[in-house]
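Protein chains in written order, with this note's numbering: chain A, 2 to 349; chain B, 2 to 349; chain C, 2 to 349; chain D, 2 to 349.
Be careful, since some hints might not be right.
[Claimed, not checked] 25 Å max Cα-Cα, derived SDA-like pairs, lysine to any residue:
| # | chain 1 | residue 1 | chain 2 | residue 2 |
| --- | --- | --- | --- | --- |
| 1 | D | K228 | C | G175 |
| 2 | C | K45 | B | D271 |
| 3 | D | K228 | C | P306 |
| 4 | B | K6 | D | V339 |
| 5 | B | K45 | B | D66 |
| 6 | D | K45 | B | D66 |
| 7 | A | K6 | C | P337 |
| 8 | C | K8 | C | E33 |
| 9 | D | K72 | D | E94 |
| 10 | B | K228 | A | P306 |
| 11 | D | K45 | B | Q193 |
No wet-lab data here; the hints were simulated from the structure. The model shown is predicted, which means the values in this text are computed figures rather than measured ones.
Read off the chains here:
There are 4 protein chains.
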Amino acid sequence: MTATKLKVGILGASGYTGAELVRLLVRHPGVEIALLTADRHAGKPLGDVFPHLARLVLPDLVKIDDADWSKLDFIFCCLPHATTQKVIAGLPETLKICDLSADFRLRDTAVYAATYGGEHQAPQLQKQAVYGLTEAYRDEVAGARLVANPGCYTTAAELPLMPLLEGGLVSHEGIIIDAKSGISGAGRAEKQGSLHTEVSEGIHAYAVGTHRHAPEIEQELAVAAGKPVTVTFTPHLMPMNRGILATIYVSLAAGADAEDLRVALAARYDPEPFVHVLPAGRSPATRDVRGSNHCLLGVFPDRVPGRAILLAAIDNLVKGASGQAIQNLNVMCGLPEVMGLEQEALFP
Amino acid sequence: MTATKLKVGILGASGYTGAELVRLLVRHPGVEIALLTADRHAGKPLGDVFPHLARLVLPDLVKIDDADWSKLDFIFCCLPHATTQKVIAGLPETLKICDLSADFRLRDTAVYAATYGGEHQAPQLQKQAVYGLTEAYRDEVAGARLVANPGCYTTAAELPLMPLLEGGLVSHEGIIIDAKSGISGAGRAEKQGSLHTEVSEGIHAYAVGTHRHAPEIEQELAVAAGKPVTVTFTPHLMPMNRGILATIYVSLAAGADAEDLRVALAARYDPEPFVHVLPAGRSPATRDVRGSNHCLLGVFPDRVPGRAILLAAIDNLVKGASGQAIQNLNVMCGLPEVMGLEQEALFP
Amino acid sequence: MTATKLKVGILGASGYTGAELVRLLVRHPGVEIALLTADRHAGKPLGDVFPHLARLVLPDLVKIDDADWSKLDFIFCCLPHATTQKVIAGLPETLKICDLSADFRLRDTAVYAATYGGEHQAPQLQKQAVYGLTEAYRDEVAGARLVANPGCYTTAAELPLMPLLEGGLVSHEGIIIDAKSGISGAGRAEKQGSLHTEVSEGIHAYAVGTHRHAPEIEQELAVAAGKPVTVTFTPHLMPMNRGILATIYVSLAAGADAEDLRVALAARYDPEPFVHVLPAGRSPATRDVRGSNHCLLGVFPDRVPGRAILLAAIDNLVKGASGQAIQNLNVMCGLPEVMGLEQEALFP
Amino acid sequence: MTATKLKVGILGASGYTGAELVRLLVRHPGVEIALLTADRHAGKPLGDVFPHLARLVLPDLVKIDDADWSKLDFIFCCLPHATTQKVIAGLPETLKICDLSADFRLRDTAVYAATYGGEHQAPQLQKQAVYGLTEAYRDEVAGARLVANPGCYTTAAELPLMPLLEGGLVSHEGIIIDAKSGISGAGRAEKQGSLHTEVSEGIHAYAVGTHRHAPEIEQELAVAAGKPVTVTFTPHLMPMNRGILATIYVSLAAGADAEDLRVALAARYDPEPFVHVLPAGRSPATRDVRGSNHCLLGVFPDRVPGRAILLAAIDNLVKGASGQAIQNLNVMCGLPEVMGLEQEALFP
């Protein structure tokens with residue numbers, strides 16, 4: 002199969018999502034890593050930045066300006082938002098791209114500007130971009146040149162909510178998403194708030210009422226509901242490297258109960274390789290998806306009549322970022338969707 | 002002051018709440034520990050069970066049946082529910098008691114039976130019991146012989162919600178309490194689910210829709226609201242030894258906004274030594290109350306109009322258990338309420 | 002390849018080493034899991050015991066007495082010591098076996114009896130057993146019916162020390178092994194000392210001077226040195242799920258310096274797929290082998306003349322147990338040694 | 002007592018040792034905090050930098066150049082090394098000082114220059130400085146104007162070793178100190194190596210053979226032994242906020258056994274309030290000193306004849322830094338040595 006391997010590049014390979022792409026792609030039989038960029042670390046082997054990857058035979062890190070695009074088939078872009086737009090706008094048309102930043106997730110560039118604090122620099126490109134929640138947009142992803150990989154929190158919120166809104170089983174009003182994230186979501190930046198001393202043995206909410214993933218969640222829930230949706234969304238930071246648990250509170254549509262929701266989700270995701278609805282009474286735990294591309298969903302009746310509680314667990318670096326990006330590559334390039342993503346969770 | 006020190010006993014001293022009482026009481030100038038019981042460990046010094054307390058001069062552990070009640074003034078009861086009723090029913094009338102179990106928290110013994118799965122064995126005693134959320138029931142606590150110390154989750158939920166319901170600032174309907182707890186809340190019992198391997202690096206919800214603290218929360222919120230209240234309550238277990246963070250979602254009363262709530266709570270708790278309302282925009286973190294009897298409250302506007310988000314952080318073993326129990330002892334016995342409880346949080 | 006897959010059974014599949022074998026074997030192209038035993042959980046699917054493995058299609062757990070050996074080629078035995086001897090003695094001669102217990106590691110059954118507190122019940126079988134430190138005994142493993150998989154601490158100690166003793170580069174006297182282990186080494190048993198509350202935020206030594214892995218280490222170092230060796234060995238328990246770091250203090254042979262040791266180890270392990278000697282000045286970290294079968298070695302000059310410091314990092318559940326067991330299966334059955342073991346470490 | 006309270010200043014109050022001094026001093030009945038400096042945060046209340054201290058009534062942070070020394074009695078200096086020398090050299094002679102940096106610990110300024118990479122700027126002051134391992138130098142500390150508070154690792158190493166060397170019970174040769182530290186020892190600086198993602202779930206050695214605390218340890222062991230001592234010292238970084246465990250390997254003097262060592266240490270430290278020798282067979286755990294000024298010592302026979310293993314556990318921020326500094330203040334100012342330091346460990 003070597004002859005036909007896709008040649009992929011990773012822009013911004015010195016962050017955690019870049020490292021996670023490498024971890025997964027080196028065991029992906031259809032792909033060869035042909036480019037790794039990291040401006041601050043140009044000239045070094047990746048192993049100098051990530052010792053756990055030091056044994057791999059990989060191209061050295063280069064500056065993005067020194068990249069030779071001519072030999073590549075596919076780009077994963079792990080750059081910060083805003084920078085991303087400019088870089089991707091300058092890539093050859095022949096390259097397919099999966100972007101892990103927020104830059105192409107919001108279809109309405111006015112919402113982008115309001116959320117991310119700056120005019121969008123590549124609005125034409127935005128129009129071509131496909132939102133990459135693979136289970137929801139598989140066909141569109143298959144035909145896309147540019148896929149906007151969803152946010153980590155948004156993936157955990159959209160997977161349980163979209164089918165239920167589409168099916169009219171829950172109200173589009175009053176949805177509350179209480180999300181708990183591991184610290185790798187904050188990246189490898191040297192911030193006081195990410196120190197072990199500050200994070201371990203504690204939990205707190207942040208960006209309460211203002212987190213940038215809320216408009217993205219609302220965009221997709223509105224598509225599913227067929228009308229505008231406004232959600233309550235509270236992210237929390239907790240002492241865990243990997244994982245997001247979203248606890249979601251919903252009002253049931255008239256006549257529906259929690260078991261109806263569970264059955265509907267189970268039917269919807271039965272054919273899906275990475276989304277799994279647990280039996281009634283089972284609560285998803287992030288430890289059971291650690292390091293894997295799986296998403297676990299649970300549904301419980303609330304003690305308040307007419308309400309239900311949804312639970313979704315993912316690994317924020319895999320299904321919430323690099324794993325889903327590879328899932329999108331597979332779909333975009335006609336490879337089996339699960340290729341390179343079949344490992345089980347690492348527990349304990 | 003030695004001559005007038007209260008002589009206290011701790012029943013069930015081999016659990017974490019018992020150890021925490023000892024840690025705090027040995028620096029309490031108005032109290033002398035005169036009895037420690039632990040049936041399984043009778044005959045041992047407490048330091049054999051809790052090496053961090055090995056240097057203290059304390060009475061050895063005895064069986065509860067061997068206790069000499071005649072020399073005691075006050076009892077902390079840290080026994081399991083159900084057992085507790087029988088033990089307390091047999092104590093001399095001269096003893097004041099603060100009970101840390103659930104046995105006397107629910108005023109309606111039918112609710113107790115439904116929640117804890119057995120008829121109450123001491124309904125007459127229940128009628129005398131005062132619910133020990135000190136800030137809410139200070140006067141009643143002062144006159145009580147038997148105080149039912151609130152649950153850990155319930156303390157975190159009631160402190161922010163009760164004044165707002167009393168003041169008519171939030172709706173009594175649709176209250177959602179999403180709570181995250183450290184693992185010491187599960188006690189020192191040898192359970193698979195409490196192992197480091199199972200708890201660290203993960204989070205999950207448990208007892209979804211069915212946790213026993215919900216009826217207790219509803220009891221008190223109903224008192225505050227003046228009408229029955231049903232709440233949504235989801236506890237989560239996370240890798241942290243101490244701490245509870247409650248994230249609470251409420252509907253605002255007509256005309257109120259989040260800042261009104263914050264100001265009202267700040268005014269209510271301004272004279273209180275242990276409850277602190279943070280400035281607008283500040284999010285309470287459990288690390289900032291670790292090991293202390295303080296409760297931090299925050300209030301945020303929701304992005305959904307007409308709604309607000311309340312945050313409460315406590316140490317589950319202190320304000321959520323042993324610290325509040327000592328606060329109640331102080332009030333019951335006419336000592337300064339803060340006595341023995343003035344240490345700051347341990348951070349990092 | 003399906004037609005020729007080896008049919009393997011795992012005895013004692015409800016512990017962490019059993020689960021880890023399953024996690025790795027389900028992606029092993031040469032193996033099919035055909036039997037899983039767990040007496041306490043017989044009749045259940047493995048996913049009831051280990052939810053992270055619930056999606057796999059596997060045989061249900063059965064009692065060991067109900068196992069049908071006739072269709073199997075290979076057995077991994079994850080039973081407690083003492084029990085193991087009896088079970089393995091009763092297996093058909095046609096089965097190859099890799100035993101993860103301590104029962105067949107000690108060649109001298111008198112040492113076994115002194116260390117594990119009971120006469121060996123299968124001394125004849127002991128004589129056939131091959132010690133399964135793959136890098137040291139590859140040829141013997143290839144011809145063995147029964148392989149005794151080394152202990153976790155012993156693997157971390159023997160990999161750096163054996164070549165240096167064989168090469169006469171370090172003294173066989175005064176070797177000190179200070180080892181730090183994650184908590185999964187204590188297994189899934191419900192012990193107070195394994196609770197999150199007891200383990201997190203702390204470290205302590207245990208079994209100081211008396212740990213059962215010391216005689217096993219000495220047995221192998223004696224082989225390498227050509228004379229009896231007595232070592233100092235202190236294990237420590239720390240808040241980490243996976244990982245062992247061994248810090249080893251040695252006296253240099255006359256004329257040797259630390260860099261000589263590093264170069265010799267690098268040469269020895271250069272052809273090995275799983276043992277890697279770091280460049281001078283680099284310190285092995287357990288995070289860089291988490292979830293992988295790799296061992297990282299580092300060598301440093303001591304500030305005391307004539308002495309050096311060796312560092313070895315492994316994942317105790319992989320190279321220290323289940324991964325090395327699969328490595329031995331591969332060698333025993335003529336499969337490529339790295340088959341099923343090529344995944345990189347999971348970091349962060 | 003208010004009228005006679007010592008007025009103390011803390012220079013560099015925005016680091017963890019500064020915060021820890023505040024936590025302890027606010028409950029110290031003989032002291033009033035009258036000055037807090039932090040150049041980067043001048044003008045802020047301390048609660049902006051350390052929310053866990055926000056409720057205290059304290060002077061705002063000021064620049065060191067704006068400090069009014071005239072009203073102070075005592076200074077704790079928590080500044081970086083090198084800076085410290087200059088600042089302390091400029092303080093009025095009337096002020097007593099406890100310095101928590103390394104600047105005045107090494108009596109030989111040539112050793113200082115070699116270890117810390119720069120000429121000492123205040124060699125005259127160095128001559129006046131007293132090394133503040135309180136238990137070893139109590140009388141000198143009592144008469145000192147300037148006390149050099151020992152390092153965290155050094156405290157853990159010297160407390161067990163100094164009496165044994167003085168007593169001739171162990172050899173001064175071949176001492177090996179393998180130390181494991183929590184991450185607060187790295188301070189609050191924003192370093193990649195201190196991130197939760199990098200530290201949790203792992204352990205590694207650092208500064209192997211080159212750590213700056215080794216010459217300090219050797220200085221004091223030489224005093225105890227009456228001759229030069231060179232030690233092997235390896236520090237490790239592990240996922241724990243507070244705590245150091247030192248595992249120390251020694252050769253016994255002729256005729257001595259491990260129990261002799263234990264008995265000698267127990268006798269030596271019997272009158273000491275903060276150093277405790279455990280019964281034979283008990284292993285010190287850092288969890289049992291968390292947040293306290295206590296040091297726990299254990300002694301075990303090695304399985305290698307003629308050798309023993311010493312274990313010492315402290316909280317690096319308390320007995321290893323701020324607690325010992327307050328102990329020194331008490332001695333320097335004629336207050337009871339335990340004043341303000343009597344709280345028990347926080348467990349769990």
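Here is what the structure says about each hint:
{"no.": "1", "hint": "D:K228 - C:G175", "verdict": "holds, 23 Å"}
{"no.": "2", "hint": "C:K45 - B:D271", "verdict": "violated, 57 Å"}
{"no.": "3", "hint": "D:K228 - C:P306", "verdict": "holds, 17 Å"}
{"no.": "4", "hint": "B:K6 - D:V339", "verdict": "holds, 22 Å"}
{"no.": "5", "hint": "B:K45 - B:D66", "verdict": "holds, 16 Å"}
{"no.": "6", "hint": "D:K45 - B:D66", "verdict": "violated, 57 Å"}
{"no.": "7", "hint": "A:K6 - C:P337", "verdict": "holds, 23 Å"}
{"no.": "8", "hint": "C:K8 - C:E33", "verdict": "holds, 5 Å"}
{"no.": "9", "hint": "D:K72 - D:E94", "verdict": "holds, 13 Å"}
{"no.": "10", "hint": "B:K228 - A:P306", "verdict": "holds, 17 Å"}
{"no.": "11", "hint": "D:K45 - B:Q193", "verdict": "violated, 47 Å"}
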